[in-house]
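Undergrad: Using the hints, position chain B against chain A.
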Amino acid sequence: MMRAFDSPAVDLDPMPEPALVRGRAIVITSGKGGVGKTTTTANVGAALAAAGKRVVLVDADVGLRNLDIVLGLESRVKHHVLDVLEEKVTLDEALVRDKRSDNLYLLAAAQTREKEDVVTEQMKALIERLRERFEYVLIDCPAGIEMGFKNAVAGAGHAIIVCTPEVSAVRDADRVVGLLPNTWRPELIINRLRPHLVKKGKMLSVDDVNGILRLPLLGVIADEPGVIVATNKGEPLALDPTSETGAAYRAIAAKLAGENVAAPTVRVPQDGFLAKLGSLFGGRA
Amino acid sequence: MSGRRIVITSGKGGVGKTTTTANLGAALAKRGHKVILVDTDIGLRNLDLVLGVEKRIVFDLVEVVEGRCQVRQALIRDKRFESLSLLPAAQTREKEAVSEEQMARVIDEVATLADYVLIDCPAGIEHGFRNALAGAREAIVVTTPEVSAIRDADRVVGKLTAAALPLRLIVNRVRPEMVKTGDMMSVEDVCEILQSELLGAVPDDEEVIDTTNRGEPIVLDESNRLAQIYDKIARRLAGEIVPFTNLGAPTLFGRLFTMWKAG
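Line order of the protein sequences matches chains A and B.
Quick note on the numbering used here: the first sequence kicks off at 1 and runs consecutively.
Quick note on the numbering used here: the second sequence kicks off at 1 and runs consecutively.
For the record, the hints were derived by calculation from the structure and aren't laboratory data.
Glycine included, C-beta positions come from ideal geometry on N, C-alpha and C.
Hints may contain errors.
As the list claims (entries may be wrong) - Straight-line distance between alpha carbons at most 20 Å, and here's what the computed SDA-like set of lysine to any residue pairs gives:
#: 1; chain 1: A; residue 1: 200; chain 2: B; residue 2: 176
#: 2; chain 1: A; residue 1: 200; chain 2: B; residue 2: 210
#: 3; chain 1: A; residue 1: 202; chain 2: B; residue 2: 49
#: 4; chain 1: A; residue 1: 150; chain 2: B; residue 2: 91
#: 5; chain 1: A; residue 1: 233; chain 2: B; residue 2: 241
#: 6; chain 1: A; residue 1: 150; chain 2: B; residue 2: 96
#: 7; chain 1: A; residue 1: 202; chain 2: B; residue 2: 213
#: 8; chain 1: A; residue 1: 233; chain 2: B; residue 2: 175
What the hints assert, rightly or not - These stretches of chain B come out as covered by chain A in the derived footprint (C-beta under 8 Å, 3 or more residues):
#: 9; stretch: 43-55
#: 10; stretch: 122-134
#: 11; stretch: 228-240
Okay, chain B solo, but in the shape it has when bound:
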């Protein structure tokens, strides 16, 4: 078996990379796929918290790289989703503790154990970013409809394209009421500016703050609208054709931004 290796990245921090990784991973696992999540944010790990497995960490990514344990020993199986596991990052080490070649080798090995390997990338475009890309074959760029997040995403899209990684977008934390009043760019605007294909759009929902703090991915609650959205994204990722919900017309704001960016 050699699973798909997908890096989840954004440039800007705090746009929802880790939350997306956890929920998309859980949604794929619920559909019966075997999924391994890899936290590459060495020194500032958080995927373990979002999954609620922080107390069960024994070994980490750096220890795997250094040959102090097997991949299988470091994997933490999620108790709620049988086919979901996490390879946690080290917390007290530096990103430079792992090289790109070492990371690529670990991801290769992890991919023999799963259908999907989702690689949670750190913020920024430094060493940690290059590491996270090293073993990936495709990418998901997470962004929010904010000027600063889009500018950073644009920079990352450029780097992914240079690395020949195919990518799709998840536009996160959309507030339809603000899009309506012209105070926020629409999902269509964002795709237009970044010239990238859409994988999914996720509305802003304060429930996420609470579920993240409690370490319970929102997809656990099937009645939740976000759970249904993550499920749709998971199906799209798996190759199904799933229609998008209405994204709204391009706003004047988006057009202005496009002009500004071009000029």
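Next comes chain A alone, as it looks inside the complex:
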């Protein structure tokens, strides 16, 4: 089984030149589902690619894949991770190039298989192989902390924790941090913050969340209906120059790439005339 990974086929790859330095493998995880792991993976990946980095996104959610939809690539997926692990196709045949960027690739999950079909050691070897060719390997982790989680984490060397400002999401995120290798220093993205609710004391603030998790903050993303629309359309907001959320994802990508930029944040309105005026136009999220 393992011999395939050393096969000379790797040298014949027509696609990205092997990098001199191995890329970073980063798992995007949360414990709780529906907090925005897949959206984050797609947007951070698209932003990194737009900044000229070579990026591959790996969907580790065998049986419940969605990263292909969020990227708008669902009709282009022909093969998946398990096809590669089972040597039915080569890695090149399974990689789907993004419509918009030559730097961005997707390795889709199998939809009609089970997470238990993936052998952790094989997954690790696959991620190693991807690191030889891409600067960033972003692994979209399934919800929960079962086999799918373990496989997604296996090949990674770093983690981004996605958490919404909700008690249950914070509890699950805290549990996941405890399950990651204790030598890691995971970074945090707080997703779907609604500033007007924080102001009214009806939603946890950034400080509330990170007072519990205590992780380096990569950024805060506001809750906005535009994300649902973008997801349904398969167009990551990170590529929309007019979107504030898109700009936040680009800043997160820059920070992840080691640039000296501040973590994007969402301003919670203060009391006062301007704030009141703002709330008139803010409307409901």
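TA: Same frame as chain A, but now just chain B:
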């Protein structure tokens, strides 16, 4: 007594399984039914938080399975609804700590104590999902009108059908204004795509975030429109014929999605 055993599942996480379980359970209890909620999300439990009983947990599901306590000892009675109790999940164990046979046996026993056993399923379709299904006789699939949630729900509907579990849908977090502008699928679209019968549609309401954080099910506030909706769903579940509120016409978006899915 042997109550109905209903699993609440979705495939995708974060669509509102736990919130639905808590509110539907409370709505049934308010109508005088005896209800037991079972949290099967071992390792990532949250139903206790949503009900606000997290500090009162003594024993959990895994301890019941391992015979270290009786079901009755592990049940936490809700202080606000006399006939509502919770069987909490273990937090520091793995889902593999319980087998499907063991789960089915526990649910059988729990069902002798209640009219309704609502089983809160973990996200995904792994071991925890199979466990949650093991003791159930019927299912409620919760989904949101989003492409990814519907795709996951479709997969779960397939698995439930294979397991011969009758199911109905709750479409959660509908934003009528987005349906109107064509930015969101309508409830009718969702039912059409999933080819499933509707049990209820719940609008998106940010009040839910706050009540969840505070551990107070929204059905406590009778004047709240969501409380009335959960009450309607509870009545439908109990067999009453309760008319649906206007669901809106199928959108172009929904038709496109159906075509895409077929092709």
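Undergrad: If a hint holds in the structure, say so; if it doesn't, say that too.
TA: Going down the list of hints, with the structure as the test:
{"no.": "1", "hint": "200/A x 176/B", "result": "violated, 24 Å"}
{"no.": "2", "hint": "200/A x 210/B", "result": "holds, 10 Å"}
{"no.": "3", "hint": "202/A x 49/B", "result": "holds, 16 Å"}
{"no.": "4", "hint": "150/A x 91/B", "result": "holds, 18 Å"}
{"no.": "5", "hint": "233/A x 241/B", "result": "violated, 37 Å"}
{"no.": "6", "hint": "150/A x 96/B", "result": "holds, 14 Å"}
{"no.": "7", "hint": "202/A x 213/B", "result": "holds, 8 Å"}
{"no.": "8", "hint": "233/A x 175/B", "result": "holds, 17 Å"}
{"no.": "9", "hint": "43-55", "result": "holds (count 5)"}
{"no.": "10", "hint": "122-134", "result": "holds (count 7)"}
{"no.": "11", "hint": "228-240", "result": "violated (count 0)"}
The structure shown violates the earlier hints numbered 1, 5 and 11.
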